[in-house]
Amino acid sequence: MANGTQSAPEILENLKLELRRGCLIVAVLAQLRAEQYGYTLRKALADDGLAIDEGTLYPLLRRLETQGLLVSQWREEDKRNKRFYRLSPAGEQTLTQLLGEWQNINTSLNKILQEASL
Amino acid sequence: MSKSSSPSSTELIDRYLHAVRFWLPKAQQQDIIAELSEDLHSQIEEKESELGRPLNETEMDVLLKQRGRPVLVANRYLPQRSLIGPVLFPIYWFVLKVVAFFYLVPWVLVWIGMMSFSSSYRAQHIAAGWFAAIASAWSALWSTAFFALGAVTIVFVVLEQVQAKSHFLENWNPRKLPPARNPNQIPRSGSVIEVVANLVFGIWWIDIMSRVMSTRVILDRPEIRIVLSPVWRYFFWGFLLLALINTAAAGVNLARPYWTVPRASLRLVTDATASGLFCWMSLSKLDALAEITIPKLIPGQMQAVTNAINLAMARAFPFALVAGVVILLADAYRILRVKNTVPAQLKGEISAAVV
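Quick mapping for you: the protein sequence lines, in order, are chains W and P.
Note that our numbering numbers the first sequence so that position 89 is 89, with each residue one more than the last.
Note that our numbering numbers the second sequence so that position 308 is 308, with each residue one more than the last.
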């Protein structure tokens, strides 16, 4: 849709989505330092204030696994088969780098905001 | 599956998962559906334990609707694909607009010209009535548009595939970019060519017409004699005046190479006059323009030659009209462009150059 036809709330919503997209990947990787299956991961993220719908989470998990950042395993729990994910060694390394990048961005942004408020 | 769900709810979930499965690649169907199914049942279980009872059909409908239409859910697992991607799309869109403007617009103008001024073409197409003629032209236009725009689209789909593999658009050289040019700047080379061309034409025109206009005999040989009709004095003075005005205007453009509203308007007027004269010439019958005598031809053959020349001139008219309209539209666009950009961009540059 062209920007000219978007209302202010729609523009804000799209910008929020763009902002959240990268953050969600870091959040998912961080949560999966401990093994979890999809539904509990979704709940944990929502409880921490980063709600993510299943249509976004599961394709993201598959992509991260294809990229070698996650490993998964089907296992029976409570009489149901569940797929458990956890961070791979490569994922741990990537998460450390991403968190470093996150810190850099955060520092830069704070600096810019402080300068702007002067 | 949730043990507490009712049979109809279970069937609804199965139908939903089956619909999602349909759109997934075969190799991944089982894995994705198993995981989706597990997530769905976990959610239902949690809801039911909150409510202390099984979900009813309405609540199940709401829950599935929240998850989204099956094809959209499946689509999120598929790689993002497009016939023409975001890298090539701006170029594709530009080419479509160029094709539409330079191919379809002239097509419509030629059709209007032919229908208006070619009696044989009109007679051939309105045999079944005006409505049928317009419907037929509309259909032909859409066929033309479909093939033209379809061909462009196919070329860009192929380019997209090539670009995806070779990334040829990433290989570029900033030094090969075209120079940043002000659209209202008049290239000096163009003005020089205009001055020279108009002067050469003007001198040639005066030379020819000064010899011809007294007797109006343009060719006088034993085998053929051509005498121009008196109407030619309008063409003579008209084209001469245009050549002089254009020479002067090109001279001013050479000295002050930025379009201004007065000069752009003058160009519109001279182009309109020239187009009018050309259209008038091509619309006139030969008898009105010249008298041709070929002694060796019998009267019937002479009439056939005259008719052939008249037909050729009549056929040239739509093209003269289309060319005239295109030129005048470009002139009008130039005036609008100068009006809109002068205050914002060229104030400083033009202040010294305004005529």
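Honestly, the hints are just simulated from the structure, not real lab data.
Glycine included, each C-beta is placed from N, C-alpha and C at the ideal position.
Please note that the accuracy of each hint is not assured.
Said to hold, decoys possible - Pair by pair, the computed Cβ-Cβ distance ranges are:
no. : chain 1 : residue 1 : chain 2 : residue 2 : range
1   : W       : Arg86     : P       : Trp142    : 41 to 47 Å
2   : W       : Leu19     : P       : Val110    : 20 to 26 Å
3   : W       : Leu17     : P       : Glu50     : 44 to 50 Å
4   : P       : Leu78     : W       : Pro89     : 36 to 42 Å
Said to hold, decoys possible - Below, in silico cross-link-like pairs of lysine-lysine (DSS-like), each with a Cα-Cα straight-line distance of 30 Å or less:
no. : chain 1 : residue 1 : chain 2 : residue 2
5   : P       : Lys165    : P       : Lys176
6   : P       : Lys65     : P       : Lys47
7   : W       : Lys43     : P       : Lys65
8   : W       : Lys82     : W       : Lys111
9   : W       : Lys82     : P       : Lys176
10  : W       : Lys82     : P       : Lys97
11  : P       : Lys97     : P       : Lys26
12  : W       : Lys16     : P       : Lys65
13  : W       : Lys43     : P       : Lys47
14  : W       : Lys79     : W       : Lys16
15  : P       : Lys97     : P       : Lys296
16  : W       : Lys16     : P       : Lys296
17  : W       : Lys79     : P       : Lys26
18  : P       : Lys97     : W       : Lys79
19  : W       : Lys82     : P       : Lys165
20  : P       : Lys176    : P       : Lys26
21  : W       : Lys79     : W       : Lys111
Run through the hints listed earlier and report the numbers of any the structure violates, in increasing order. 1, 2, 3, 4, 8, 9, 10, 11, 14, 15, 16, 18, 19, 20 and 21
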